[in-house]
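This is what each chain is made of:
There are 2 protein chains.
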Amino acid sequence: MVRILTKDNVSELLNMADALEYVEEAYKQLTLGNALVPQRIAITDPAPGLTLIMPGIIGGEMSALATKIVSVYKKNPELYNIPTVLAKIMVQDINTGDIVGIMDGSLITAMRTGAATGVSVKFLARKDSNTMSIYSAGVQARKQVSGVFYGLNQKLEKCKVYDLKKDTAESFKTEIEKELGIDVEIMSSGEDLLSNTDIIVAATTSTTPIFAGEKVLEGTHISSIGAHAPEARELDSTTIKRASLLIAGLKEACLAEAGDYIIPINEGIISKDAIISIGDIITGKKNSRTSDTEITVFKSVGISAQDVAVGKLVYDRALQEGVGQDIDF
Amino acid sequence: MVRILTKDNVSELLNMADALEYVEEAYKQLTLGNALVPQRIAITDPAPGLTLIMPGIIGGEMSALATKIVSVYKKNPELYNIPTVLAKIMVQDINTGDIVGIMDGSLITAMRTGAATGVSVKFLARKDSNTMSIYSAGVQARKQVSGVFYGLNQKLEKCKVYDLKKDTAESFKTEIEKELGIDVEIMSSGEDLLSNTDIIVAATTSTTPIFAGEKVLEGTHISSIGAHAPEARELDSTTIKRASLLIAGLKEACLAEAGDYIIPINEGIISKDAIISIGDIITGKKNSRTSDTEITVFKSVGISAQDVAVGKLVYDRALQEGVGQDIDF
Numbered sequence: 010m011v012r013i014l015t016k017d018n019v020s021e022l023l024n025m026a027d028a029l030e031y032v033e034e035a036y037k038q039l040t041l042g043n044a045l046v047p048q049r050i051a052i053t054d055p056a057p058g059l060t061l062i063m064p065g066i067i068g069g070e071m072s073a074l075a076t077k078i079v080s081v082y083k084k085n086p087e088l089y090n091i092p093t094v095l096a097k098i099m100v101q102d103i104n105t106g107d108i109v110g111i112m113d114g115s116l117i118t119a120m121r122t123g124a125a126t127g128v129s130v131k132f133l134a135r136k137d138s139n140t141m142s143i144y145s146a147g148v149q150a151r152k153q154v155s156g157v158f159y160g161l162n163q164k165l166e167k168c169k170v171y172d173l174k175k176d177t178a179e180s181f182k183t184e185i186e187k188e189l190g191i192d193v194e195i196m197s198s199g200e201d202l203l204s205n206t207d208i209i210v211a212a213t214t215s216t217t218p219i220f221a222g223e224k225v226l227e228g229t230h231i232s233s234i235g236a237h238a239p240e241a242r243e244l245d246s247t248t249i250k251r252a253s254l255l256i257a258g259l260k261e262a263c264l265a266e267a268g269d270y271i272i273p274i275n276e277g278i279i280s281k282d283a284i285i286s287i288g289d290i291i292t293g294k295k296n297s298r299t300s301d302t303e304i305t306v307f308k309s310v311g312i313s314a315q316d317v318a319v320g321k322l323v324y325d326r327a328l329q330e331g332v333g334q335d336i337d338f
Numbered sequence: 010m011v012r013i014l015t016k017d018n019v020s021e022l023l024n025m026a027d028a029l030e031y032v033e034e035a036y037k038q039l040t041l042g043n044a045l046v047p048q049r050i051a052i053t054d055p056a057p058g059l060t061l062i063m064p065g066i067i068g069g070e071m072s073a074l075a076t077k078i079v080s081v082y083k084k085n086p087e088l089y090n091i092p093t094v095l096a097k098i099m100v101q102d103i104n105t106g107d108i109v110g111i112m113d114g115s116l117i118t119a120m121r122t123g124a125a126t127g128v129s130v131k132f133l134a135r136k137d138s139n140t141m142s143i144y145s146a147g148v149q150a151r152k153q154v155s156g157v158f159y160g161l162n163q164k165l166e167k168c169k170v171y172d173l174k175k176d177t178a179e180s181f182k183t184e185i186e187k188e189l190g191i192d193v194e195i196m197s198s199g200e201d202l203l204s205n206t207d208i209i210v211a212a213t214t215s216t217t218p219i220f221a222g223e224k225v226l227e228g229t230h231i232s233s234i235g236a237h238a239p240e241a242r243e244l245d246s247t248t249i250k251r252a253s254l255l256i257a258g259l260k261e262a263c264l265a266e267a268g269d270y271i272i273p274i275n276e277g278i279i280s281k282d283a284i285i286s287i288g289d290i291i292t293g294k295k296n297s298r299t300s301d302t303e304i305t306v307f308k309s310v311g312i313s314a315q316d317v318a319v320g321k322l323v324y325d326r327a328l329q330e331g332v333g334q335d336i337d338f
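Going down the list, the protein sequences come from chains B and V.
Just so you know, we're using our numbering here: the first sequence kicks off at 10 and counts up by one.
Just so you know, we're using our numbering here: the second sequence kicks off at 10 and counts up by one.
If we strip away everything but chain B, and leave its shape as in the complex, we get (with noise of 0.2 Å):
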């Protein structure tokens, strides 16, 4: 039997707090050596677009095995009026073998992603933080503000937002509102998202640094998840330098894929050796924040193990609460 999740029963299923727990257990597991994430494969020529096969494998009490299928084709929503990433999750039985859910990826990989800042902020953020800044209103940015709010144990009070599209922020502003109860005010400027908050999440699509570092304050806490590109980047060698933590979702992916990290390591700022998995602060191999003046930065590019664990939560969900559809295969 195959379970078949679609969008609207995974967004039945799936609560940040939930996938926040899951996702830290994955960066755990992948320290601790009893989790997998192979090389994804990526095919373009000859179609128009990308796709981003997925694999991971997570073991521990989660034993958890799934790939996510994820295309990326910039031309679909002109067109054939659809979305240009599209995603589904297949979770097998790590005993058997067998394809046991099938699941739509879209939510789960802005939940995923949104979890992961999460997990930074509740183990880098200063413990008093209570306010945030995000560069981007869109999807992405939504579910990263409410990463940040389970990843400060729901005390964050509120969010200040730049985009340069004034619909978008005013929708963001509207709908997060409503859903986290914190007080979002919109800015004029990047440049205004850098005072009086505690933490700042750069969620952007640009591929050159988004802000000055030397105007970051003193004992923030930065989360950039855009650029995944070597010679892309949201930060600048500044903000990188003034850091007394660079802390990646994985270091091996980070090291091969982020901009931010690399851009700084080439031109000799930093060495390859500062940058840390964050599952080493969560299992306490490496020490986290030791004062509250420190720049921490975390720069996290999609892995599958963040899809794995996700999905594999909300199969679990899906069981335990009788939603979705059976299919005899």
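Simulated from the structure, these hints should not be mistaken for lab results.
The reader is advised that the hints may include incorrect statements.
Simulated DEER-style distance windows between Cβ atoms [as the list claims (entries may be wrong)]: (1) B:LYS84 x V:ASP176: 51 to 61 Å; (2) B:ASN24 x V:GLN334: 28 to 38 Å; (3) B:THR53 x V:THR216: 31 to 41 Å.
Which stretches of chain B does chain V cover? Using the computed rule of at least three CB atoms under 8 Å from a CB of chain V, they are [to be verified]: (4) 11–19; (5) 76–85; (6) 91–104.
Chain B stretches covered by chain V per the calculated footprint, using a threshold of three residues with CB under 8 Å from any CB of chain V [what the hints assert, rightly or not]: (7) 58–64; (8) 137–143; (9) 330–338.
No experiment lies behind these values; they were computed from the predicted model shown.
For each residue, glycine too, the CB sits at the ideal point set by N, CA and C.
Since the structure of chain B is already known, use the hints to place chain V on it.
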């Protein structure tokens, strides 16, 4: 909309004549550079079995993009009374990236492997061939006979079979005689398969040579689809040495996985250059046999392009014939 196709649906939609045509086209597009078979991903620890993730893309008229997820868990029959090998194929729309079909992959795997042998027979066996021999009478072997039957344009008249299990050989005979209307003779030893035959198919689980190459008759075409690890093989070095043509489903895949070719190469009996992809024969880049006395060898290890082609075939037929059920994810 995603078209869901169960094992029964696939069985209703798929026939060997079509499968052969699609697999031939896949091999052709590979040689033309319009198809891509990325290195598959293998996942094991901490799972108790193996999962292979096999995506591929084929351009040209076929325009197929799909991924097979296949698991091999040897203890499944004993522990859970389910098959060792389980597979599903996810078919994407090459123009949008969207997953539009999800189908059972077990029959497709057996059929595409039979079709590969069928294509080899079509291009490499003597034109007057009408008899074959097959080592093993298992599930894979049955589709091999079907592949040979259609590869010979339904001119196959007789099949000799040898299997250690008498019961399996008996049910093979009953099934094949009924399905293909040919004469099946059960032999009492493997050596009996070598005489009075035009085509030899090796479809065993053996990891060491199953017959002595010096006993193979001139003019025979051999297809080996068993052994698929660098140190395992069904064919001995004498067979390889005597053959005038050493053909691979895909040269690169055989050089990575097929001991039948790798071992003689390492022994210095043949050079890598002697191995030719069947696509080179199909497209006419290289010549096929030029006499009725040559021994020809075809070795194939499973490659995703075969699954992608046959998966697309099944999906297209399902839409044409209104088979399966649609899920709105």
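Violated hints, by number in ascending order, as checked against the structure: Number 8 - this is the single hint that the structure violates.
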